[in-house]
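I would like the entire structure built from these sequences, with the hints used as guidance.
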Amino acid sequence: MLLPFFEWCDGLAMSQAYRDSTYLFPVTQALHVLAVTVFIGAIVIGDLRLLGWGPVGQSRASIARSAQVILFWAGLAVLVTGIPQFTTNALTYHRSWLFVLKMWILVAALLFTATVRQRVAVADEGHLSPWVPRVVGAVSFALWMSVAISGRLITYYG
Amino acid sequence: MVFAGLVIMMDLRLVGLAFANAPLAQIQRRLFPWQMASFVPSMATGILLFCVDPLRYYRNVFFLAKLVFLVLAGLNALAFHFKTYRKAEGWDEDRQITAIARVAGAASLLLWSLTIVSSRLIPNNWFK
Numbered sequence: 059m060l061l062p063f064f065e066w067c068d069g070l071a072m073s074q075a076y077r078d079s080t081y082l083f084p085v086t087q088a089l090h091v092l093a094v095t096v097f098i099g100a101i102v103i104g105d106l107r108l109l110g111w112g113p114v115g116q117s118r119a120s121i122a123r124s125a126q127v128i129l130f131w132a133g134l135a136v137l138v139t140g141i142p143q144f145t146t147n148a149l150t151y152h153r154s155w156l157f158v159l160k161m162w163i164l165v166a167a168l169l170f171t172a173t174v175r176q177r178v179a180v181a182d183e184g185h186l187s188p189w190v191p192r193v194v195g196a197v198s199f200a201l202w203m204s205v206a207i208s209g210r211l212i213t214y215y216g
Numbered sequence: 003m004v005f006a007g008l009v010i011m012m013d014l015r016l017v018g019l020a021f022a023n024a025p026l027a028q029i030q031r032r033l034f035p036w037q038m039a040s041f042v043p044s045m046a047t048g049i050l051l052f053c054v055d056p057l058r059y060y061r062n063v064f065f066l067a068k069l070v071f072l073v074l075a076g077l078n079a080l081a082f083h084f085k086t087y088r089k090a091e092g093w094d095e096d097r098q099i100t101a102i103a104r105v106a107g108a109a110s111l112l113l114w115s116l117t118i119v120s121s122r123l124i125p126n127n128w129f130k
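So the protein sequences, as listed, match chains S and V. Taken in order, the first sequence gives residues 59 to 216; the numbers are from the working numbering. Taken in order, the second sequence gives residues 3 to 130; the numbers are from the working numbering.
No lab work stands behind these hints: they were computed from the structure. One should not assume that every hint holds.
[What the hints assert, rightly or not] Quick look at which bits of chain S chain V covers, simulated, 3 or more residues with Cβ under 8 angstroms: (1) 83 to 91; (2) 118 to 128; (3) 180 to 186.
Built from N, CA and C at the ideal position, the CB exists for glycine as well.
What follows is the structure, encoded as structure tokens:
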């Protein structure tokens, strides 16, 4: 269904430049992993706090607000380094069930983080029953770990 | 990834870029057990992967670079814990200690970033 889009990505000048270069792709890939690590760190510190562990000296909202800035910049770096990797091998990814799975989990994780997780994190403490933030923290952690793990597995199981 | 991510969160606090309203000593104390808990599986699976095919890593420049950065990052963390962290309480008021913490945090950010980047480059042994 989306094949024309994948073909368009494959034909971009940037994709050709990446295919022609020995260094461009691996360096972009390495920076992607670094950006992902920072992003996941900002997610996990918030998830720990939602679970009632880790930085409990600060309110959930305070940790979430500080983490949000890191999430934004690291997320931007993840995107900028992720897109050329995708377009360079767009036709391979079109056949990769793991890539499709990763994208669906990514969409779910982003939506969950921007809506439910965000609301629960900034809600007044004591306003929610104690299990709500815990469940939200656990779901968020599971979703983001699934994105990272399925991403890493694309290399091996296409 | 969880390990390095949490270490980087602490580093960002040390250099003063994030979580500014969390006292240094307190957030350090509360993140530390989670950093250690995630360090163990990270180290164990890493050693396992190495043992599967050690010759693959022999004379691989990025693998060697990774080990060097890893050791330096470890030494930086040890020095920080045993020298600076001893005087932990009242950190946020002490100008000299916040300056040392900034340097240690910046060094840690750099060294862990280099560890991660060189690690991802291991499959491309460019300089044989």
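Consistency of the hints with the structure:
1. Requiring three or more residues with a Cβ within less than 8 angstroms of a Cβ of chain V, the coverage given for the region 83 to 91 of chain S holds, as 6 such residues are present.
2. Counting residues of the region 118 to 128 of chain S whose beta carbon lies closer than 8 angstroms to any beta carbon of chain V gives 6, which meets the minimum of three for the stated coverage.
3. Counting residues of the region 180 to 186 of chain S whose beta carbon lies closer than 8 angstroms to any beta carbon of chain V gives 0, which falls short of the minimum of three for the stated coverage.
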